[in-house]
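As you go down the protein sequences, you meet chains F and C in turn. Numbering-wise, the first sequence is residues 1 to 302 according to the working numbering. Numbering-wise, the second sequence is residues 1 to 430 according to the working numbering.
Take the hints with a grain of salt, since some may be wrong.
List of simulated lysine-lysine pairs, DSSO-like, C-alpha gap at most 27 angstroms [what the hints assert, rightly or not]:
no., chain 1, residue 1, chain 2, residue 2
1, F, K55, C, K185
2, F, K75, F, K201
3, C, K361, C, K51
4, C, K51, F, K57
5, C, K241, C, K281
6, F, K55, C, K87
Everything labelled a hint here was simulated from the structure, so no lab data went into it.
Take a look at the letters that make up each chain.
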Amino acid sequence: MQIIEKIKKGVNTPQGLAVILITPCVLIVFGVIIYPLFYAIYLSFHKVYLLLPGKTKFIGIDNYVNPLLSLDIWKAMGRTLYFTVLQLGIGLLCAIPIALVLNIEFKGCKALRSFLLLPWALAPVVNAILWKWVFNAEYGILNGLLYSLGLIHQYRSWLSQPLLALTLITLICIWKSLPLMTFFILATLQTIPNNLYESAKIDGANAWKSFVYITLPLIKPTLMILTILYIMWGFKVFDEVYIMTGGGPAKGTQVMTYYTYTETFELLHLGKGAAIAIIQTIIIFGLSVYYIRYLVQKKTEF
Amino acid sequence: MFRKFNKKLVSLLICSFVLSLSFSSVVPHVVNAKENIRIAIGVDGQDVVRKYVKQFEATHPGAKIDLSIIGWGELHQKLVVSFAGGKPFDIMYSGPAWVVEFAEAGWLTPLDNRITSETLDQTWKTLVEGLTYKGHIWAQPLYFGAMPTVYNKEVLRKGGLIEFPKTWKEFVEISKRLQAAGIVKYGTRWEGMESGSGANKNFTMLLDSFGGEFFDDKGNVVFYESGGLDLFKFIVDALYKDKIVDPNSLEEIELSLVMRHLAKEKYVSLITWPYFITWAKSNIENFEDLGVTLVPGARGVRSGNFGYGQALGISQKCKNKDLAWEIVKLLTQDKVQKERALAAADLPATKALYKDPDLVKFIPWLPAMGEQYKYTTMVQLPWFGEFDVLCNDTIQSLVCRKKSPEEAAHAMQESLEKLQKEYGFPIKEE
């Protein structure tokens, strides 16, 4: 009875009400995120093969050591890094000039900005299917265009060579993510006061020098944020690989997430899949910590 | 006011919680007098199955059948997860590729005491062997198939040829001749070489046509010397040296488009699924120009193929196995197999149906299929998933030239030995 009285008393306070209101949300977060995370950690220390239910056993860190000793995970990591570096490099090289152009006020610039957002609005699966059709060996428009221009003499299969397939997947991801990069940079460009450029012009600086000595240092924090974000997101690429190549040909597009997917959902090695997923989580977590620390550092002074 | 609001809110939350529980499986449902049988099958022939399920429910008022039609991409995973989760379906597809896995895991009920010897005698031998594991038969046959050669008769006629070649060597020579004469662009297209395609089927088919096998009767891995190396050399030469195979084979394209290419004389022949030949009959204008025959052979072997099929198994956890068996018998009887075949689904498991006049009229190449079945094999492994992934990776490494035929054949041999050691199957005879 005393407990019931205490609960009644507690419920009638603002704090008590807050607890009641957030309880459903906490339960959902616990059920969907926290519990599966800890269960995955538990699984990662066991040999769990769904098709051999009686042979589940504790194996310590074998699920971590064995993959790290095999070439497969390092090759998957290498492909992921290739994807990430290419996406970031080409993405930034394209996003900066586009942002600079969009920063100029001209007739139709607002409409152009809206139009440029379209690729980013596409769902990743739709993006992948769309480009799979474009690259199709039989009826893809890329083949049609190149054939019409006389650049190829017969239709070719673009996704059947490992490195080419990975590069094409990277390019389509760049196409999709370019608007986001561009608008990040554009937002920063719009905070740069015009008087800086005017002063530089008076001092005899040309456009290039203004870019190198004014624009670039001031967008550097944004570029750093984009770098960290895209490295983190690079580790998450999956949809395009799944739809376009299924990890092939010859594992040529098997990035980290796809390697984890294969182990867990195709081979049903839950323990090994969980361990690989946790290795990936640790890498992304490390990057996240660095990202958050960077955000709280001092900004570049004008 | 604050107190009143809180009381109402707490009451609302409690009511929501209780209501959600009452709709969940936590609280037992109101007593259902009907016996529930849950069935999981693939999408093929689903209309026929639905019809007979309704019929069964009408004649058995005490039974309620919960039919789940699941896409091929998800079916195996769904079945495994439901078994592993402790709430399996009562009746499910348990074809040869899965029967060994499910039986090894202790999920299936042996049906030795239920399947009659007449049924087994009347079923294609390869399928019966595929459904037999450790001396027991685990599922009732439903359908069976192999991948025959479909060829363009008109192309052969233009090349002055009467019949389709019987060996791969002849096929290469004829293809080169027809290509040189400008009659076709390529001899054929390698199916199942693209990612995620289940390459194990085409791989096994080609290996069998070379007289090769993965394991011998004593459980030894014999891939390399039994024909694996010769097969890999042939696959690569056909693509890059003789150039009789379409280089775009390495990319997945719609089978309907491929069949149209065959009809339009882009290829001499294809090796394809029987249901696609049925599709072609209704969708390709000059279908009469196409013929069906055996896959060519090599190394003294007339032909080879991968036998596939499906059967219905009963879960060990099924509460009413007798009722489940009645349903299995109904859904696998000859009448249903015939209706499924006429609905352009898969071909029957019963041998006698291959002489049925209605079926032969609808599927004129049925006798050719019966002939091909004499040259079929199946792979039975409890680690079929790993085997499939291994076949995919090996074939793709080969055709993308990441590995030479020797390297790929050695790698395949070693990987099979490693997996055999890890899983202890096939058991090696000392």
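We went through each hint and held it up to the structure:
no. : hint            : verdict
1   : F:K55 x C:K185  : violated, 53 angstroms
2   : F:K75 x F:K201  : violated, 50 angstroms
3   : C:K361 x C:K51  : holds, 24 angstroms
4   : C:K51 x F:K57   : violated, 45 angstroms
5   : C:K241 x C:K281 : violated, 34 angstroms
6   : F:K55 x C:K87   : holds, 19 angstroms
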